[in-house]
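Colleague: Residue numbers (our numbering), protein chains in the order written: chain L, 1 to 292; chain F, 1 to 429; chain S, 1 to 376.
Rather than coming from a laboratory, the hints here were simulated on the basis of the structure.
This one's a predicted model, so the numbers in the text were calculated from it and none came from an experiment.
Check before you lean on any hint, since a few could be wrong.
Taking lysine to aspartate or glutamate and the DMTMM-like style, the derived pairs with C-alpha atoms no more than 25 Å apart in a straight line are [said to hold, decoys possible]:
hint	chain 1	residue 1	chain 2	residue 2
1	L	Lys-197	S	Glu-17
2	F	Lys-2	S	Asp-96
3	L	Lys-197	S	Glu-55
4	L	Lys-110	S	Glu-312
5	L	Lys-197	S	Asp-108
6	S	Lys-10	F	Asp-392
7	L	Lys-107	S	Asp-56
8	S	Lys-363	S	Glu-325
9	S	Lys-10	L	Asp-175
10	S	Lys-361	S	Asp-23
11	L	Lys-197	F	Glu-123
12	L	Lys-107	F	Asp-181
13	S	Lys-103	S	Asp-61
14	S	Lys-131	L	Asp-237
15	S	Lys-361	L	Asp-180
16	S	Lys-134	L	Asp-180
17	S	Lys-261	S	Asp-195
18	L	Lys-236	F	Asp-392
19	S	Lys-131	S	Asp-96
20	S	Lys-75	L	Asp-182
21	S	Lys-132	L	Asp-237
22	S	Lys-134	S	Asp-96
23	S	Lys-22	F	Asp-392
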Amino acid sequence: MKKISKFQVIKFLGISFNYFILIFMSIIILFPLFITLMSAFNQKNSLFSITLIPEKISLTQNFIHLSTRTSYWHWYLNTFTISIASTLGALMIIIISGFIYSRYRFKARKPALITLLVVQIIPPSSTLIALYAIANSLGIYQSAYSVPLTYLFMIFVYITTGSTINTIIMKSYFDSVPRDLDESAKIDGASHFQIFKDILLPLVTPMIVVLGVFTFLIPIGDVIMPRFLLASLHSKDTTLALGLNTLISDFKNSNPNIFAAGAILAAVPPVVIFFIFQKYIVSGLTAGGVKG
Amino acid sequence: MKHNIVYIISLIIPGSGHLLLKQWKIGVTGVMILLAEILTIIKFIVPTLQLAAFKQNDGRLTIGAEPFIHDSFIILIGAVLGVVLLALFIIIHLVYAINAQRIANEIALYGSITTRWNNISGEVIPNLIITPKFLLIFGFILLPAVVSIIVAFTNYRTPILPPAFLIEWRGFENFAKLATDPRMSALFYETLSWTVVWTFSSSLLVISLGILLAVMVNNKYIKGKQLFRTIFILPWAVPAFLTILIFQYFFSRLGAMNSIIIPWLTGQPYSLDNTIPFLINPELAKITIILIQGWLGFPYIFILVTGILQTIPSNLYEASSIDGGNAFSNFFHITLPLILISASPVFITQVAFNFNNVVIIYLLSGAVVTPVGSMYSPLETIPSLGFRLMLDSRFNEAAVFSLIVTSVVGIAIVFSWIKSGAFKNEEVM
Amino acid sequence: MSIIELKHVKKKYAHTEKYAVKDFNLTIHSGEFIVFVGPSGCGKSTTLRMIAGLEDISEGDFLIDGIRVNDMSSKDRDIAMVFQSYALYPHMSVRDNIGYGLKLRRFDKNDIKERVNAIAEVVGISEYLEKKPKALSGGQQQRVALGRAMIRTPKIYLMDEPLSNLDAKLRTSTRAEIARMHRAKGAVTIYVTHDQVEAMTMADRIVLMSMGEIQQIGSPRDLYENPKNMFVATFMGMPPMSTIQGSYKDGYFTCVGFTIKLSPFDRQILDGSGYNHSNIIIGIRANHIKMGTTYEHHFPETVITITVMNIEYLGDSKNIFFEPEPGVVFVATIEPHAEISIDDTIQLVIDPNNIHLFDAKTKDSIKYHTKKLGHS
Chain L
1 MKKISKFQVI KFLGISFNYF ILIFMSIIIL FPLFITLMSA FNQKNSLFSI
51 TLIPEKISLT QNFIHLSTRT SYWHWYLNTF TISIASTLGA LMIIIISGFI
101 YSRYRFKARK PALITLLVVQ IIPPSSTLIA LYAIANSLGI YQSAYSVPLT
151 YLFMIFVYIT TGSTINTIIM KSYFDSVPRD LDESAKIDGA SHFQIFKDIL
201 LPLVTPMIVV LGVFTFLIPI GDVIMPRFLL ASLHSKDTTL ALGLNTLISD
251 FKNSNPNIFA AGAILAAVPP VVIFFIFQKY IVSGLTAGGV KG
Chain F
1 MKHNIVYIIS LIIPGSGHLL LKQWKIGVTG VMILLAEILT IIKFIVPTLQ
51 LAAFKQNDGR LTIGAEPFIH DSFIILIGAV LGVVLLALFI IIHLVYAINA
101 QRIANEIALY GSITTRWNNI SGEVIPNLII TPKFLLIFGF ILLPAVVSII
151 VAFTNYRTPI LPPAFLIEWR GFENFAKLAT DPRMSALFYE TLSWTVVWTF
201 SSSLLVISLG ILLAVMVNNK YIKGKQLFRT IFILPWAVPA FLTILIFQYF
251 FSRLGAMNSI IIPWLTGQPY SLDNTIPFLI NPELAKITII LIQGWLGFPY
301 IFILVTGILQ TIPSNLYEAS SIDGGNAFSN FFHITLPLIL ISASPVFITQ
351 VAFNFNNVVI IYLLSGAVVT PVGSMYSPLE TIPSLGFRLM LDSRFNEAAV
401 FSLIVTSVVG IAIVFSWIKS GAFKNEEVM
Chain S
1 MSIIELKHVK KKYAHTEKYA VKDFNLTIHS GEFIVFVGPS GCGKSTTLRM
51 IAGLEDISEG DFLIDGIRVN DMSSKDRDIA MVFQSYALYP HMSVRDNIGY
101 GLKLRRFDKN DIKERVNAIA EVVGISEYLE KKPKALSGGQ QQRVALGRAM
151 IRTPKIYLMD EPLSNLDAKL RTSTRAEIAR MHRAKGAVTI YVTHDQVEAM
201 TMADRIVLMS MGEIQQIGSP RDLYENPKNM FVATFMGMPP MSTIQGSYKD
251 GYFTCVGFTI KLSPFDRQIL DGSGYNHSNI IIGIRANHIK MGTTYEHHFP
301 ETVITITVMN IEYLGDSKNI FFEPEPGVVF VATIEPHAEI SIDDTIQLVI
351 DPNNIHLFDA KTKDSIKYHT KKLGHS
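Throw the hints in and build the complete structure from the sequences for me.
Modeller: Written out as structure tokens, the structure is:
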């Protein structure tokens, strides 16, 4: 009897310790986010707050300042335009070429797949020097449409870098759909396109969602390429990441509460998308990640 | 013997072998391709390559002959394209030669061609569909990467910017500067040692935090698993640049760390003169930035390991408990080895990612006190320094750095492929 | 009323030297139930897939009603197919699964609904129509697959091992059901299986294949009673036919374990074909090796003495295993109540009127042509 109770004490201590660590980590994660959230609704004009909950709460003031004193909504629109265009472009390439690699056996198939894998060796940042020079040589910055052309250039870069390894992941997912289904549909009378549209596309939707979210988040979070390629443009033509950076490092024109408001607004779409598709993302990541 | 003859003559004149074998259509296309090749070589490749290394009267080797008339950079890209085209021509010749040889073999064996061409549609359509993607990859990844490497061998930096100036070839001068130029070498070696510390300590923190929390949440006695998992994924869901900026403020003299947490822990009231310079003191900033990266990076490993834990059959633990194992021996003898086996390729790419993580360094290094005489923040790593040099238009030196970065990342990725057997399994098949 | 002809059909995959199917010739008449049977890798599924249009026909002609359809796509060949894996579309309800083929053929929505309901009634899945295939048991999924094939009235039904994923009991009942449906529809059915019992019980004609070649085409009875060669003889029937090589001389067959006198009919054939004083193989089915004094009296010259190696009790019978020659296993099926135990030495009787004779070199049946003549 004594032995069992000792065992139970150890077990109890172990679980308590477990809970302690987990709750402690949860606080560490939630606290900075919570502070930012509170700060976004803090009406006080002082530059710092020494209380957790702001004394004067305003739901709108910081957001109004954000709209009137900064080019926030321009940045917002720029960022999401680039992001959505890149996602749509990359997804189109990923889905169609993933289907081709999975279902057709042609001579260039294996070399093409190996190329897609090998291209991973090149980190996108190390192509920047030439990308800038190429954009420059193409006359993008001198053109009357320098802003949309620069965006288009960036979108093409994002589409390209977003459709290499992702194509291979998509192809593996297509591979997991049994070929029997294609054949069955073929006998049912479906054309190649109908097989793709009616049978395969609905079945690979989870992976499309995962890769879509990933390619959507990359341009939003990218600081490097916009910092380099958008440097010569007007400050209202920059992206959220760079614009918010100027907000926080330039206290003369703003205050941290306005930054916090901007950060919260910027975080909403990615976080919402992330949690809507959380299940897909987690399963897609574990499927794709463990494989390599 | 005929197949050797057609092979050799096809290598020189594509299509000639087919003509000899009375394959008229293919033969004519081959000869036409040869004409196009000759035209391209005479009209484009030779002149461009000549310009790409032009010897000036004073002995300098420049790209282009005259400023403003020749844009060095466009000529450089043209030269790279020219070399690529030459390689493409060789491949075309090889394809014709191999095909001619096979046809000759078949005629010798069966008296006619047995390979039917009715699968043309099965070849042409897929190739047509995937070609645009490879044009993109060539134009936006491969070509820029090659050109970026070439820049390391030139003097392309401000103020020598085309078209007003011609870029000059400088051989290994930029690389040698890392060793010979005292300021440059001091900067390089200091950066290098911090880069190593940063890469490994942040990776270690991210990976161990991810594993530890995943294993803890996965404990069968823990309730509220879903809540904990949702919280632990949050840092990943919020875009990294936002959280980095939030932390930039959070750890500043005015931020919550100094104004709320420290007064609460010590009981001292907050005063601006009494703050801890988390992101200002270089040594403190290095620790802070590693901790922030731990916060940012662990959810990815957490999700991954949670997935792996679900695949470990529970009868392994049952067997171990019959053998007398306890929680600790279970973790070190069963859980950890299994996680390491299946996730090690990801851990390697994680290290490469942390090494090449420029965003966090770029956003957080601004406030740090820069030592007298140094142009760059002590927080810079090799990749971020390359980025800074780029922003300062010191392109040739930046190219040396990005060449180093590419090799390190490349080696890590190749190593992770070997670990995961990416080339062996059906992934590529 | 359709006639399906396969003339010198061959299949060779790219990058391989060997033919997966060599010179396949078969004419199928309307309403026939044809079973392709053979061990795995014999080319039976490949042939079916060529008929379905899922594989290219490398050489030869495939004709439906005299029209060459080699290059016709699957949907124009007017076929329906049941897959081994059932190949149900996991994202569609059972109703949509069954109706998909009609939808593609632009049938009216209400019409599709009625037809699906009717066929669901026939295969007994009416209650599951709105469910996803995943929610169904293996047997129910199999019925959905059948229903999907049955909803149209094609010229040919193709079935690729449709029962292999079912448990033994369900297999027997579904077997009967498929046969019943075939009779009701009256269209040609081509059924692929590796299970000779399915072939025997369902087929009008069996096409037995091995190594890409047709071994024999005929009714189940043909193949069982008059196998063309040793492969057919040992493949058809359970337990398999026992065979042993020995020498034949003047009416007597001698092998390591025993000597027996062959029947006058066999003797006449062997002597007539010049097999005297040469090696042959004999084959005996388990139920043609008897036990008991009555048989010993009847056929005293084919009594053999053996040592029992193993016994299988089957309820209505008993299988006795013995080795007349080391490494050569014989099976005899006897009545279940015989008091025998392992290692007993007993006497068995080979029925001399049911001995199969094979050439020792070619393994071809020596009696095949004579018997065939006798039939007609």
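Colleague: Confirm or reject each hint.
Modeller: Going down the list of hints, with the structure as the test:
no.: 1; hint: L:Lys-197 <-> S:Glu-17; in the structure: violated, 37 Å
no.: 2; hint: F:Lys-2 <-> S:Asp-96; in the structure: violated, 60 Å
no.: 3; hint: L:Lys-197 <-> S:Glu-55; in the structure: holds, 22 Å
no.: 4; hint: L:Lys-110 <-> S:Glu-312; in the structure: violated, 54 Å
no.: 5; hint: L:Lys-197 <-> S:Asp-108; in the structure: holds, 21 Å
no.: 6; hint: S:Lys-10 <-> F:Asp-392; in the structure: violated, 70 Å
no.: 7; hint: L:Lys-107 <-> S:Asp-56; in the structure: holds, 18 Å
no.: 8; hint: S:Lys-363 <-> S:Glu-325; in the structure: holds, 19 Å
no.: 9; hint: S:Lys-10 <-> L:Asp-175; in the structure: violated, 29 Å
no.: 10; hint: S:Lys-361 <-> S:Asp-23; in the structure: holds, 23 Å
no.: 11; hint: L:Lys-197 <-> F:Glu-123; in the structure: holds, 22 Å
no.: 12; hint: L:Lys-107 <-> F:Asp-181; in the structure: violated, 52 Å
no.: 13; hint: S:Lys-103 <-> S:Asp-61; in the structure: violated, 31 Å
no.: 14; hint: S:Lys-131 <-> L:Asp-237; in the structure: violated, 52 Å
no.: 15; hint: S:Lys-361 <-> L:Asp-180; in the structure: violated, 42 Å
no.: 16; hint: S:Lys-134 <-> L:Asp-180; in the structure: holds, 16 Å
no.: 17; hint: S:Lys-261 <-> S:Asp-195; in the structure: violated, 35 Å
no.: 18; hint: L:Lys-236 <-> F:Asp-392; in the structure: holds, 22 Å
no.: 19; hint: S:Lys-131 <-> S:Asp-96; in the structure: holds, 10 Å
no.: 20; hint: S:Lys-75 <-> L:Asp-182; in the structure: holds, 13 Å
no.: 21; hint: S:Lys-132 <-> L:Asp-237; in the structure: violated, 50 Å
no.: 22; hint: S:Lys-134 <-> S:Asp-96; in the structure: holds, 14 Å
no.: 23; hint: S:Lys-22 <-> F:Asp-392; in the structure: violated, 72 Å
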